[in-house]
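A.B. asks: Below are the chains, spelled out letter by letter.
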Amino acid sequence: MAKIQIEDPKTVKTFPTKELFISMLIKDITLRDAIGDLVDNCIDGARAMNDSVNYKGLAINISVDKNNFEINDNCGGFSVETAREYAFRFGRPVDFKGVKGSVGQFGIGMKRAIFKIGNIITIESTTKKTYFKLVINVDEWRKDINNWNFQFDSFKEKMNNPKSLWGTKIQISKLTKEAQEQFKESKFLIELADELSKENMYNIHNGIEIKLNSVLLKSQNLFLINNDAIKPAYETAKYGAVTVKIHAGIADEKNEKANLRLGGWYIFCNDRLIVGPDQSPNTGWAGKGKDGVASYHGQFSLFRGYVFFYADNAGLLPWNTTKTNVDLDSPVYAAVRQKMISLMRPVITFLNKVKIERENDNPENNQPLNNLIKSSKQEDLTVIQNKPLKSTAFIYPILDVKRTENMSRISYTVHTDKLEAAKKVLRVKGNGDVGLKTFEYFYSNEVE
Amino acid sequence: MKHAPSYRKLNYTIRLGKTIERKYFLEVFKKLNFFQSLRDYRYIGFGSTYFADFILYHKVLGFKEMISIEREQLDQTRFNFNKPYSCIDMCYGDANEVLPGLDWNKKTIAWLDYDKQLDSSKLDDISTLVANMQSGSFFLISVAINSIELPKEGDINEYRIEKLKQMVGYERVPIDITGSDLNKKNLPSTYGKIILNEIVSALTSRNGPLEEAKKIQYEQVVNILYNDGTQMLTIGGVFYSGDDQDKFEKANFKELNFYSNNYECFEIIAPNLTIKEIKYLDALLPDKIDKDGNVSEEYKKVELPNDDIMNYAKIYRYYPTFAEAIV
Numbered sequence: 020m021a022k023i024q025i026e027d028p029k030t031v032k033t034f035p036t037k038e039l040f041i042s043m044l045i046k047d048i049t050l051r052d053a054i055g056d057l058v059d060n061c062i063d064g065a066r067a068m069n070d071s072v073n074y075k076g077l078a079i080n081i082s083v084d085k086n087n088f089e090i091n092d093n094c095g096g097f098s099v100e101t102a103r104e105y106a107f108r109f110g111r112p113v114d115f116k117g118v119k120g121s122v123g124q125f126g127i128g129m130k131r132a133i134f135k136i137g138n139i140i141t142i143e144s145t146t147k148k149t150y151f152k153l154v155i156n157v158d159e160w161r162k163d164i165n166n167w168n169f170q171f172d173s174f175k176e177k178m179n180n181p182k183s184l185w186g187t188k189i190q191i192s193k194l195t196k197e198a199q200e201q202f203k204e205s206k207f208l209i210e211l212a213d214e215l216s217k218e219n220m221y222n223i224h225n226g227i228e229i230k231l232n233s234v235l236l237k238s239q240n241l242f243l244i245n246n247d248a249i250k251p252a253y254e255t256a257k258y259g260a261v262t263v264k265i266h267a268g269i270a271d272e273k274n275e276k277a278n279l280r281l282g283g284w285y286i287f288c289n290d291r292l293i294v295g296p297d298q299s300p301n302t303g304w305a306g307k308g309k310d311g312v313a314s315y316h317g318q319f320s321l322f323r324g325y326v327f328f329y330a331d332n333a334g335l336l337p338w339n340t341t342k343t344n345v346d347l348d349s350p351v352y353a354a355v356r357q358k359m360i361s362l363m364r365p366v367i368t369f370l371n372k373v374k375i376e377r378e379n380d381n382p383e384n385n386q387p388l389n390n391l392i393k394s395s396k397q398e399d400l401t402v403i404q405n406k407p408l409k410s411t412a413f414i415y416p417i418l419d420v421k422r423t424e425n426m427s428r429i430s431y432t433v434h435t436d437k438l439e440a441a442k443k444v445l446r447v448k449g450n451g452d453v454g455l456k457t458f459e460y461f462y463s464n465e466v467e
Numbered sequence: 177m178k179h180a181p182s183y184r185k186l187n188y189t190i191r192l193g194k195t196i197e198r199k200y201f202l203e204v205f206k207k208l209n210f211f212q213s214l215r216d217y218r219y220i221g222f223g224s225t226y227f228a229d230f231i232l233y234h235k236v237l238g239f240k241e242m243i244s245i246e247r248e249q250l251d252q253t254r255f256n257f258n259k260p261y262s263c264i265d266m267c268y269g270d271a272n273e274v275l276p277g278l279d280w281n282k283k284t285i286a287w288l289d290y291d292k293q294l295d296s297s298k299l300d301d302i303s304t305l306v307a308n309m310q311s312g313s314f315f316l317i318s319v320a321i322n323s324i325e326l327p328k329e330g331d332i333n334e335y336r337i338e339k340l341k342q343m344v345g346y347e348r349v350p351i352d353i354t355g356s357d358l359n360k361k362n363l364p365s366t367y368g369k370i371i372l373n374e375i376v377s378a379l380t381s382r383n384g385p386l387e388e389a390k391k392i393q394y395e396q397v398v399n400i401l402y403n404d405g406t407q408m409l410t411i412g413g414v415f416y417s418g419d420d421q422d423k424f425e426k427a428n429f430k431e432l433n434f435y436s437n438n439y440e441c442f443e444i445i446a447p448n449l450t451i452k453e454i455k456y457l458d459a460l461l462p463d464k465i466d467k468d469g470n471v472s473e474e475y476k477k478v479e480l481p482n483d484d485i486m487n488y489a490k491i492y493r494y495y496p497t498f499a500e501a502i503v
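As given, the protein sequences belong to chains F and L, one line each in that order. In my numbering, each residue's number is its place in the first sequence (first place is 1) plus 19. In my numbering, each residue's number is its place in the second sequence (first place is 1) plus 176.
So here's chain F without its partners, still in its complex pose:
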């Protein structure tokens, strides 16, 4: 080809390829995360509609089957201008002013999500003043390596649309192979419902309705025991434009089977759940001899920690681009993790004491901490958050230690004749006395 001649031989090419976006970046996310990303865009629309986080009357509908995917919302839509200049760019231009407190940030979520799901994508969006329709045929688009632009099928500006029409609809057909496979499985739908309702528990709590194949998703609530005897730790901090709130305490035992699965830390960025429950070193469960507490296991299953990061500029939040984990290299997260560890240590101490109480056949009426937990009711975190909160370490009752705490029980079987003979020599009547006396005899002669 002739154009090679005009290139400066000193130039080293770095221009990205379309394949990077169509086939590479999608490997970093699951289909569930991709759909989660599209929901995040709807939430950002809702957030842009009014300053408060009151989402009453707003709804997101997702329908999924083996041939088609659709997501539509009445969350304000995005304008022709936004679509033309920003929304479909790969990566955010520096001058882009996003939605305050948004959950979309990287300028990669929507594109990566639609490429992950399918090949023919139709996007329609109506705002107060504009309407557009855009159809993307990915297979066609990838053929021309030089032209990266999409074309509107139609668009109108300077309209005056009623509020009832504002919103966005994305339909995807000619699904990718993995989407075809997974969308027909009920297991996928169950997991998707679970993930979306967890990720958006605060948004649902604030009034938005999310439906998956017409089924309304319920918010999963967060709880902590909060009374005079057991009080969760609370701390808040500000790092530049990032605010963080941390709660750490325990849940009650109602959900005994589920507790092992539910115990750990939950981390939110602008009300979007990023990870949780997390039971890994990332949140301080580092294991003995490392920078944190013991590894997570059964005796800590009542532990609940909740961390909320907020920033108007979502780029400052410590999450990765797939919003599936915290960014461990973020200085803000490293400082907060240190605080989380400080706050969780007393909870871990308490749970250790609770476990010790149950050991060595200690009768139930001699387990004050366990009985206290049994009689404590947990409170919804949103209720706790609506009360005035003061910084505090985890509070739990300090009980007088009884002499039995360091005691262990031993039992063994011996021949009856020998036992009776020993009783005579020791001049005792009970079997237990023989055990105790013989142990004391051995200890004072051989150990001390």
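It should be emphasised that the hints constitute simulated quantities derived from the structure, not laboratory data. Remember, predicted model here, so these are calculated numbers, not experimental data. Keep in mind that a hint or two might mislead.
[Said to hold, decoys possible] Under the rule of at most 20 Å between Cα atoms (straight-line distance), these lysine to aspartate or glutamate pairs were calculated in the EDC-like manner: (1) 374(F) <-> 273(L); (2) 307(F) <-> 273(L); (3) 257(F) <-> 419(L); (4) 309(F) <-> 270(L).
[Said to hold, decoys possible] Below, a sample of chain L positions facing chain F; criterion: calculated Cβ distance under 7 Å: (5) 273; (6) 276; (7) 277; (8) 296; (9) 307; (10) 345; (11) 347; (12) 381; (13) 382; (14) 384; (15) 385.
Where a beta carbon is used, it is the ideal one built from N, C-alpha and C, also for glycine.
Given chain F, work out where chain L should sit, using these hints.
C.D. replies: Quick look at chain L alone, frame taken from chain F:
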């Protein structure tokens, strides 16, 4: 009793090295006056049943808020009985359990005066302090130096490194540590390294997102070694923010004669001298004895070993006189 707590084995008040060290710290703490009136500092220590440090610091420095952490929870009545002043709060439990639950919004002097070896839980306590202490706070940790046992068979060096890793945690042993860093002579400075690394790494996490003026610095001031039967190492230093840099400069910790901001230990060696010899040396100190322990001929009344004289000169202002007395 093999596993008796150390306060039942030793009367803390008559440990010579410890007594001298405790008095050294009076001078360190007085420098904190540059940050805030010393009386308003909170003191956290392990008072045991003797409360020797609590008594000295309350009397001399006037601390009004003092916390004694006590892990031997079964003897609570005995500790409460021995508490010398009402301003001392007893907190029962391991330091590991107690420290994270304290309110850290005040300038604090914390002396984690352990009687056992360095291990991972003690390093966790350091992290807790580093994560939470306010600018102008001072931290001290004392640990026993017991040489790491020799293997029954096999390579000494590999064996000792493995033992150290098990004690302090696999991720806390610096990659450049070799077996010879773990012999009795070098162990104190190896501990010093591990302790400093722990402080630096906790500070890095804490400081990361803070603006320069709020970032907390650590300056080691104390690295003392003595032997009262067991070899003991004490390491400590001051935390200060960029905002308090000038206060730190004014405090001038460097002028302390036992100041050490590196891995080299300042050793307290209390020579065995008679009272008559002590009086004789006192009369010549500080300026009639040179730095090598030589007494000029005109003053010489008795032949004493030079290193005894040197060692005494290092500690004479803090040297205790134990006498039998009815109190």
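A.B. asks: It remains to establish, for every hint, whether it holds in the given structure.
C.D. replies: Hint by hint, here is what the structure shows:
no., hint, result
1, 374(F) <-> 273(L), "15 Å, holds"
2, 307(F) <-> 273(L), "15 Å, holds"
3, 257(F) <-> 419(L), "18 Å, holds"
4, 309(F) <-> 270(L), "18 Å, holds"
5, 273, "4 Å, holds"
6, 276, "4 Å, holds"
7, 277, "4 Å, holds"
8, 296, "4 Å, holds"
9, 307, "5 Å, holds"
10, 345, "3 Å, holds"
11, 347, "6 Å, holds"
12, 381, "4 Å, holds"
13, 382, "6 Å, holds"
14, 384, "3 Å, holds"
15, 385, "4 Å, holds"
Violated hints are absent here; each numbered hint is respected by the structure.
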